[in-house]
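Those sequence lines, one after another, are chains Z and V.
My numbering applies: residue 1350 is where the first sequence begins, and numbers increase by one.
My numbering applies: residue 1350 is where the second sequence begins, and numbers increase by one.
Read the hints as simulated data drawn from the structure, not as lab findings.
A few of these clues could be false.
Just so you know, same-sequence chains aren't split out, so a pair can sit in one copy or run between any two.
Claimed, not checked - Cut-off 25 Å, straight-line C-alpha distance, at most; resulting in silico cross-link-like pairs (SDA-like, lysine to any residue):
1. 1442 <-> 1419
2. 1457 <-> 1367
3. 1435 <-> 1464
4. 1586 <-> 1396
The chain contents come next:
2 protein chains.
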Amino acid sequence: MSFIPNDHPRAESLRLREQILEGVASGIVAASGPIAHGRGEAFDYLLGERTLECVAQDIQVAAAMLLEAAKPVISVNGNVAALAPKEVVDLSKAIPAPIEINIFYGSKLDDRRKRIAEVLERHGAENVLGLEPDAIVPALSSNRAHVDSRGIATSDLVLVMLEDGDRCQALRRWNKQVLSIDLNPFSRSATSSTLNICDNLIRALPLLSEQILELKTSKHAVLNLIKSFDVNDSHTKLMQAIMLRLSTFARNNQS
Amino acid sequence: MSFIPNDHPRAESLRLREQILEGVASGIVAASGPIAHGRGEAFDYLLGERTLECVAQDIQVAAAMLLEAAKPVISVNGNVAALAPKEVVDLSKAIPAPIEINIFYGSKLDDRRKRIAEVLERHGAENVLGLEPDAIVPALSSNRAHVDSRGIATSDLVLVMLEDGDRCQALRRWNKQVLSIDLNPFSRSATSSTLNICDNLIRALPLLSEQILELKTSKHAVLNLIKSFDVNDSHTKLMQAIMLRLSTFARNNQS
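In isolation and in its complexed conformation, chain Z is listed as follows (with noise of 0.2 Å):
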């Protein structure tokens, strides 16, 4: 890995950079994986690189709903791995949930899946599912379709990350739950999951491991949480926020 000094002012995200095409060299991200990060880094460049607030009550909402799940998965894929293997080992535990690769390229049984099980293990990880799918996800063409049976198959709420809108679509249709983090808040990921976590998940992972751990003793603010979180609402204090920034951005280029 190069030298990037801490003080650099992008230095963080030249650091996840360089672990997704480190995750290349090493065949934990797919070829295209760099694309998709990049796609993210744009979007996270337009929140100005931070939690925005109203996402901030969004992990919250999302944190209670993982506690109330009946059986939570985390669904994993190469650049998840490659950008945030202990965030996701630690929220697992945190929960607990299982882990589950699903990746897009590659078949059913693709070395990849082992090298990303690896990386997750090397982190404290155990039991991870999905290294010999034996379920199918309906009404799916891709390869994400391949899934395991003790895990997202029986699964009542999938939390996916950097996620293709195909699969988000096909496990609503399949009356799961699916919770998203997804900087794009246009993608079909984050239009049709269950709740959208507009953020990049080297910050809202930690911040739902947090929360988790908060709420774990009081059923009746999980409970709360729940029934007052409302998706449209949600949607439109994302935009609103989005938009300021881009006000801001506008006046302040003015020269």
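Take the given structure of chain Z and dock chain V to it, following the hints.
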């Protein structure tokens, strides 16, 4: 190249994505080129993947500036060569202006320069500059400082695409006019260039060539366009157009 049906709603975007990944495989595009491409995709998505009307006006002014410059040069990197080799060569002939290779990654004698030149030559380019750069952009520490004494070093106007902000600013300090094509309206390139075309180069380059052929016969129109251009006005119109699109999006996503 994998088969992408022409009627796929995102066929053009997917095709460009493949061109970038093939560019990596053939050594034209740098390893981090796909990340930059992904950022562009995201901003293009915000624009609705079309040339905004206010941007079409900027393209007209840019055409006038290219015609009025004493010695314009088109600067090309790996991503540009992978995405739009024919469009670059067409523009070079329409103006006419030489093409100079300028890359961020790789030394001044990197083989990638040769491979980029070969791609351009296959599309009809003659006398491509920047293969053996012999001059230096003052006060710029990256490899992009290496320029050709017959090209950028002695030019009065440089057209840059998918650029890093450092070089754009260094060229401006070197008293050169800079036209940029950059989908990120907030980037340092976009905000420090003389005029930024906030558009996908695959759409902007043919429009630019078309405008040049149209304006060639009217010195009067060329001078009027340059005289009437106001960079603040151009920024404001662009921001308004993007915000209008976001608010439409926000409304349509109400479920």
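These are the hints, each one checked on the structure:
For the identical chains of this complex, residue 1442 and residue 1419 are intra-copy neighbours only, at 16 Å inside a copy versus 66 Å across copies, given an alpha-carbon limit of 25 Å. Taking the shortest alpha-carbon separations for residue 1457 and residue 1367, only the inter-copy value of 23 Å comes in at or below 25 Å, while the best intra-copy value is 27 Å. Taking CA atoms no more than 25 Å apart as the test, residue 1435 paired with residue 1464 passes inside one copy only; the shortest distance there is 15 Å, against 40 Å between copies. Taking the shortest Cα distances, residue 1586 and residue 1396 sit within 25 Å of each other both inside one copy (13 Å) and across copies (21 Å).
The structure meets every hint from the earlier list without exception.
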